Amino acid sequence: MVTYLSDAGTRAALLDRLLEHVYLSLVPLVVSVVLAIVLGLLCHRFRPVNATLIALSNVLYTIPSLALFAIIPALIGTRVLDPVNVISALTLYTTALLVRPVAEALDAVPSHVTAAATAMGFRPWRRFLTVELPLAVPVLAAGVRVGSVSNISLVSVGALIGTGGLGTLFTDGFQQRYLAPIIVGIVLTLVLALVVDLLLVLLRNRLTPWVLVGKP
Amino acid sequence: MIEFRDVTKRFDDGTTAVNGLDLVVEAGTITVFVGPSGCGKTTSLRMVNRMLDPTSGTILVDGKDVLGVDPPTLRRGIGYVIQQAGLFPHRTVLDNVATVPLLTGWTRRKARARAAELLELVGLPAELGRRYPVQLSGGQQQRVGVARALAADPPVLLMDEPFSAVDPVVREGLQDELLRLQAELDKTIVFVTHDIDEAIRIGDKVAVMRTGGFLAQYAPPAVLLTRPADDFVANFVGKDRGYRSLSFVDSSGVEVAEVATVADGSAFESSPDWRLVVDADKRPQGWVAPDASVVPGGSLYEVGASIRGALDSALSSPSGLGVAVDAEGRLAGVVTARQVLDVIESRRG
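Protein chains in written order, with my numbering: chain A, 1 to 216; chain B, 1 to 349.
These are computed hints drawn from the structure, not numbers from a lab.
Only a predicted model underlies this, so the values are computations on that prediction, with no experimental measurement involved.
Some clues are possibly wrong.
Claimed, not checked - Partial selection, computed: residues in chain B whose CB lies under 10 Å from chain A:
{"no.": "1", "residue": "L74"}
{"no.": "2", "residue": "F88"}
{"no.": "3", "residue": "P133"}
Ideal Cβ placement from N, Cα and C applies to all residues, glycine included.
Please work from the sequences and hints to get the whole structure.
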């Protein structure tokens, strides 16, 4: 273990894997937050869209991740080893995960609050961006935290089809029957998940000061 | 001034909420729309700022057809107070009040300065501005709602059952506050409620509506109580309307008489007459009965206030003598119920 970590080349490679992992797991997270807000708004405004999208996202979630990683190149015409495959697949998963909470959070904004906003002269878009969306943040943040952890763990699976990230430590370790990279991979994945979660909590608290004052 | 000209609103499900409403809300007055649920009072209110549009007819605000104005622009010029206040939970009290000035393009600093003035106007301490709505009581939230509606100094204020979610004691305080503000600001206010007592208390004029969207009577409160247009209005106005109508008659015709007084704290003797106990400032404290026992007093009324107070004072007094006080609460004299009734009779003749 100590020998494994003492090599400067290994440490540089580990940092590369870690950065790849961050990139592969967080880009889909950011993209899917935006997508989920748009789709959640559609669900909130148009009831039929709601039923269809929720059903669709449930079905999507049952497809195994490895299968999805393999199907996507055929669907969007990328090369098998392209990191876009993993990013697209995780974006689909995370969006599917977030659409429902976003729609429900928007539905939960009290009608007297939206009516008051309309009556004071907010135009629809401004009302959505400055009243309804901020009020949906607590629920959205809860979904994003689940999504971030799930992405960070799923990116490792991508290593099986050779897209990089910390998962390569597991594939290498198994192939060489060498335990050290596997342990390092597990620890780094855990630490990464915890750090990202902590940052998300800080961001949420920053965005929702009104939620904290309500508690003793 | 707000004018409804033959306004009808029919909803998609076929119900008619408002039926040929013709009504003028005079500038600088409080007009109350009151009626049972389904009478179209809230629908009528919401057509003024185009939260709803009429099926037919015209609504004019200061002579201008509201349908000719883009809704958000129209609404920024009309204050709106909603049931349960409808404050934005994610904004501080100060920023809630600053909402409309910010929408109309004021700088943040100027809008917040204006918001601070308004908090003071509605009687809230400045430090409340930094809190969030969830940290306020229901009554305080409602005051913030009123401050927010007044922030851009709109000439017209729409109030949709603003005080119905607070308890009766707080509600009465808020009603007094509204009347005090109105005396100062002179807005054109349309106020919707289902509570006839509230309507009579605050309205310069009251529009009683009945189910199906018909206007049953549009008159000052005293007229509703003394000359209801039909059985529906009479029933809706409720019990004791003869007595309640005395609230709108002043007591200036009632001559007060002198009464024997004794100083608070002195030793009382028996005497054939009732004597009024007063403190060093001549404020009434109770009565001494002929047998020298001390009895708590009845209600007091201020000279010149409503004759209902004078009559109640006489009826509630253990001695049968109603006690009149001046503005400082000092004894002015006493009246009998007979005297008060004579004045009421003579006014009627």
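Quick rundown of the hints versus the structure:
{"no.": "1", "hint": "L74", "in the structure": "8 Å, holds"}
{"no.": "2", "hint": "F88", "in the structure": "6 Å, holds"}
{"no.": "3", "hint": "P133", "in the structure": "8 Å, holds"}
Of the numbered hints given earlier, the model fails none.
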